[in-house]
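Colleague: Chains as they are written, first to last, in the numbering used here: chain A, 33 to 197; chain B, 53 to 155; chain C, 623 to 1314; chain D, 438 to 667; chain E, 544 to 934.
Since the hints were made in silico from the structure, they are not lab data. Think of the CB as a built atom: it goes at the ideal place given N, C-alpha and C, for glycine as much as any other residue. Among these hints, one or two may not hold up.
Unchecked claim - To give a feel for the contact side, a few chain C residues facing chain A, derived at Cβ under 7 angstroms:
1. Ile1297
2. Gly1298
3. Leu1299
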Amino acid sequence: MSISFLIIAVLIVGSTAAAMGLRNPIHCVLTLSITFGGIAALFLQLGAEFVGLTQIMVYVGAVAILAVFAIMMTQSRRGLMLGTFSRNALVGLLTAVAVFSVLGWAVLSQPVAGVTAAVSPVSVQQIGSSLMHEYVLPLELIGLLLTAALIGAIVIAMERKEDTE
Amino acid sequence: MTGLQAYLLLSSLLFAIGLAGALTRRNAILVLIGIELMLNAANINFIAFWHYGPATTYITGVMFAIFSISVAAAEAAVGLAIIVAAYRHSHTIDLDSMNSLKG
Amino acid sequence: MTWIVRYVCLIPALPMLAAGISALLPQRSRKPAAGLAIVSMAASFALALCAFAAALSNPSPQVFNFSWLQFGDQTLALGWLLDPLTAVMLVMVTFVGLLIFIYSTGYMEHDENFTRFFCFLALFAGGMLGVIIANSLLLLFMCWEIVGLTSYLLIGFWYQNPRAAAAAKKAFITTRIGDLGFLIGMVWLYAQAHTLLFYDSGRGALESGAVSHLAVTTTIYGLTLSSAIGLLIFCGAMGKSGQVPLHVWLPDAMEGPTPVSALIHAATMVAAGVFLIARIYPLMSAHGVEVVTPTIALQVVTWVGAITALFGATVAVAQWDIKRILAYSTVSQLGYMMIGLGVGGPAVGMFHLITHAFFKALLFLGAGSVIHGCSGEQDIRRMGGLRKYMPLTFLTYGIGMLALSGFPLVVSGFWSKDAILYSAHHWSVSQLPFYMASLGALLTAFYMTRQVCYVFFGTLRLPGHGPVSHSEPDSEDTRHHGAGHPHESPAVMTAPLAILAFFAFALGFLGTPLWPWFQSFLNGDHSVAAEHEPGLVATMAASSVIALLGIFLGWLLYGRQSIATCEAPDVLERAQPQTFRVLHQAYFIDAIYDATFVRLTRWTAKLADLLDRFLFHGIVQAISFGVLGLAWVDSFVDNYVVNFGFDSSWRSISMGGRAMAALQGGRVQAYLRYIGLALVALVLYLLWGVAR
Amino acid sequence: MSRDRGSRLLGEGIIKGLAETARNFFGSYISKQRLTTVQYPEERIPQDESFRNFPFLVYDGSDPEAGLRCVSCQICEKECPPKCIFIEKSKDKKPDAVGKPQFYPTVFDIDVSVCMSCQICVEVCPFEAIKMDVKYDYPTESRFAALLFDKHQLAKSNDYYHQIHPTEASAVDAALAAEREAAATKAAAAAAKAAAAKPAATAGAPGTATASAATSTVTPPSDTTAGEPR
Amino acid sequence: MTQTPDQVFVILKHWLLGYVPTSVHAIASAVLSILPLMVVFPLLFAITTLLERKGLGRIQNRLGPNRTGPMGLWQPLADGIKSLTKEDIVPFTADHIVHFLAPVLLVVAAFLAYAVLPVGRNMALVNLNAGVLFFFAVGSVVELAVFMAGWSSRSKYSMLGAMRAIAQMISYEVPLVLASVVVIMQAGSLSTVDIVERQATYTGIFPHWYVFTPWGFLGFILFMIAATAESNRSPFDLPEGESEIIAGYYIEYSGFKFALFFLGEYLGMFATSGIAITLFLGGWSAPLSVLTFIPSWAWFFLKLLTLICMFIWVRGTLPRLRMDQLMNFAWEFILPMALFNMVIAGLWRFMNPGAVRWFVCAFLILVPMFVLSALLKRKKKLQLRTYSFAE
């Protein structure tokens, strides 16, 4: 466990907590993008360059922006007056705490050491060739899924003409 | 605490925070974001297990993370589109007031 | 591997590209569309010639394979190959196709959907060439389906005409029945041989390793695997090549434009079935170790072919539509090809295929020219005497007719048919196919003479010209010209006729028994040597006699005295009205299908409906009355006896239900909460399990 | 129009535009005529002769105090629409350029921040004493005091007037000269009459009067105020 | 020794490192690599502002700045001093933290992009295995910074400008990436260093730059168009359209923060130009093999300056687009062309080298280009405007 890991971990946890706790949704998304960046840094540290950069590109470049747009599109005066947390927040929080304690216990109770062999970062060529060979079917399916999601998102979010209430 | 355990602990913490957010926030978009965070926590696990796994040349973990990111992107797109559509319908994205299905 | 093998894929790709581009062109750009199609076809023809030259120098199959899809550790490979079979077909299809394209520019000149027509034609050519070059059954199947699709599109080209639309649907559905067998066979082959490639340097499905494995494994009824798979694939070929009993679509397909009939339903597509069997011939003919008789598969092919040949010939005798006669003739000739494949191997069948492609395309284009000249008239009874008006068409048509009839020694049809008859005569299983084929040949000569007599001899009986009152025109296709004098077609139409006529003559000399170059080329050996086998001359003599006899008979009945009116019944009809009717209706097969399959379906539907309406309805009614009665009794008992006792328990149930309903509140977060809690429980359980 | 709608390659217009700007770029280095810029404080666009901006006071001779044409008649002060002229009339009289005793302004202020350059003061001045200047740049530190011009700042020589509006100045001078000549001849005639009465009077006065053209130094003996011209 | 001028900076760095204790070697090395970049590119920014103002002036037949110092050479310095000494105004209702962070994030993201840029032989900061991807990932952070700036100002104009900018950046990021995919396909690597090295070989005296292939040329053009839009430069400068929304998302910034935005924007432009050079123009390699004696970094900066001049030239030429034109152009022309270009690049790979391949590919590119441009035009119904009253 290196210092860099500790820094990144603290950054991630702090920004995640902020993202889930701040009142202003835009602030939430902004802190969230710090989280995403931190996770990407974690990936880079672990030698998964490609995944880390993809993480930034997809999450910071797309998901965060998308969320921001969605927030801008759904802002209403009524929404701001309501509270940040739902009525059953305490139950939810307790559930989350329970989940974390159980998971943490599970992690700590199992001595999974893992092999700390010399890390050879996975090269893009490797990823590319396995995408084109072993994983070609999942790749095609993902492509199909993304296309479907794209079309679906547009169709769902598109304003219908007859919808003039 | 070994390296792998640290990563797993971090990811479970992230997962728990994401879950907490998803469970407690009123804003539907933030609930969705909480779910994204949970997915990210899972991704950390994939990468950590790959890194500490038997052979880094065996890249299933990385591939899984990549696919998971793609799926998450699709999920975010569709989820946000649904939220926007729901907002257009009921003029709120407050989950507590979206209870017309309640029996 | 020479460069041509690598680029042989361009041959189908070019027409496909042309089709793709012309699909994007606006409707009014007629010249670009036709130009594109013709240029691409010409380029393909040039490439095909190169491929032919390459195959001449190296007759063993040369392949180019690549893996297309990979899932898990399975790879689906596609590829193309170049062997004599492919080369010959390539040259034939591109050449005939090119001529027909050129011809179409004249024939379709006035059609408003000219652009669409050429788009479809080019797409068809691409698909057909794809079938030819495919080295993978899968690729072949894909292109096969493209061909089927374009056939559908082109038959239904004049979709405003309900008969054309129906014919298109019929063609599509009928061939689909065959293709189902094909698909099953393909899947089975993949399951057994783990590859769909034909040739793959020893690992292909048609190479000795796989074939010998398939040939010794037996399945149900003692069929070897190879035969079973071959027969399933043959189903597809039957559909496409119009073999009995799946021939029904082919005559109806004549509703399409005539160039389409010539290209698709005479020269190329219907031959695709024959080609397919020739392609998988190693599979079909695969013997076990000790067996020497022809395999079951080949026997079936032969028998189906023989039946089809005779069937088509007999039906063609009693038709009046000029294109229908040719259509049934095509059915019959396809039967011959199948016989040839069954008894003599690919060389024999393919030789007839090639010669037939040329002279049948010639005949169809000639028929098209006649129809064009007669302003869309298709009924031969209303023609007559056209040799004066359309001398060039008459000349070329006559050559085609002689070729089809198998006029001795001069024309190509004679040699190819003779080879089939000779092989059939020497078939070890039975002599019957030989006799059926001979009879068919006789009839062929007869009905062709009949047709020529009707169309070109005698007096002109076109409405408004002969001493005949006007009767309703048979065809809707009167858009070309107003009714007028029959006239010779433009040069763009007659030039292809002349070229085809030349080949209808000349091609035969590539495969005479004295110099069987074609057969040896297909079989892959270069020793062009005359084979002097017993009975050869005898068979030749017999078939000459048969052909001459048929022509003579035809002339006797139809040519001797000219047919005066179009209402006059046929000579045969006068003699044997019943038989003639049967033949005219093609043995009522369509009617039989209507009466059996279609009606069966209707009947079952009606039966189900009746059952529903009366039986089940009655039962349900009765039961409901019974239940009502019971309910009344029940409610009486309930109200006064048990109500009180159950009320309290019901209340508790309803409260439980309400509690459950609260769980199912449509609130995502609540669900998520339960999931989280469940996760906790699951992890705890797992940890406990590990701990213990 | 139809020429432009032909099937052109996409971007042809862009390339044409790029060529045009490139020509501008290099052309501006080659030919100076292309450059429209005037390096302002150093270079100025030559002004039109009729250009005018704010009024100034003309004086004859070399002494701004003595030669000032203004006689403090205060017509301009009254006529000025924005009331930007302020004049204080002198109590005593001083001889003007011709030597005639006249009133003079002790204070003559123009607030150019108020002036609207209407030129009415020039129109109404009977003595050709106030004219329009061409100076347009008055950079100052203060917005009020520095733009209130007093008599000394306003007074500019007739030579300067000739410099900026040569045609107009010559016409004015000619008119003034003619006026003075007329006055002189009138005086001469009166003198001759007087001489006829008293021949012992001086002679040669007409000679000097005709000799002096622009700035006559002849002192007419008449003690009456100059007749109103026009 | 021809290597010396080429590697002078590398040698210098190693020489300096010799005086540093080994314990801080890593950090010192990083600082010594980063610092020059942090100095050189802002300097280049200063030069470019001057160049741009002078160039635009000349294009419009003006002189441009020429007062500060000889020929106006001290103008950037004067600008810098001015912006540094100006009052820093933050709107009262603004979200102060985000308002402060936005320009910082923008500049940081812009600087990060230089990490993978090989400015000379052996002169890339890091040779990431996925360098090109890194570049685009960092580029996507810029969008966030722009949003922060626009949103935190609490001004309608800022918000509109930010939304426009983000919409534009997202729309053009797709063709930007797709246009560079062809190079990645051909080079078989995502590493910028590798990509340049692939191009730095010569046939005869001619180099193997990707821009000299049909698909490379098309890719370069598409990339540059998308890069122009991505860096919000004219004619795609709608986000800061002065006539409609005053200055877009940085309208509420003043003083040094405003200068930071300018710096960030120009740095982004240099970075995209640099990546375009890396991908298509052979990076630091000389255009003719006989010219290799000129140091590699000089070539890189020469190319960079050329591209910057192109940017200025285009800015001086073209008027600003309308929003719908902008989007249509991206989705209906650039994107399909980029996709088609990928097909061509694949075809290129599988054809035998030679003139035939070149002409086939060029032909295949021209055909859809004509078709697409015809479609674009048909939709626009381009024609000369007819006036009802004028003329």
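Colleague: All hints, please: hold or fail.
Modeller: Each hint, compared with the structure:
1. Ile1297: With a minimum Cβ separation of about 9 angstroms from chain A (threshold 7 angstroms), the hint on C:Ile1297 is violated.
2. Gly1298: At 4 angstroms from the nearest chain A Cβ, C:Gly1298 passes the 7 angstroms test, so the hint holds.
3. Leu1299: 6 angstroms, holds
Hint compliance for this structure: hint 1 is the single one not met.
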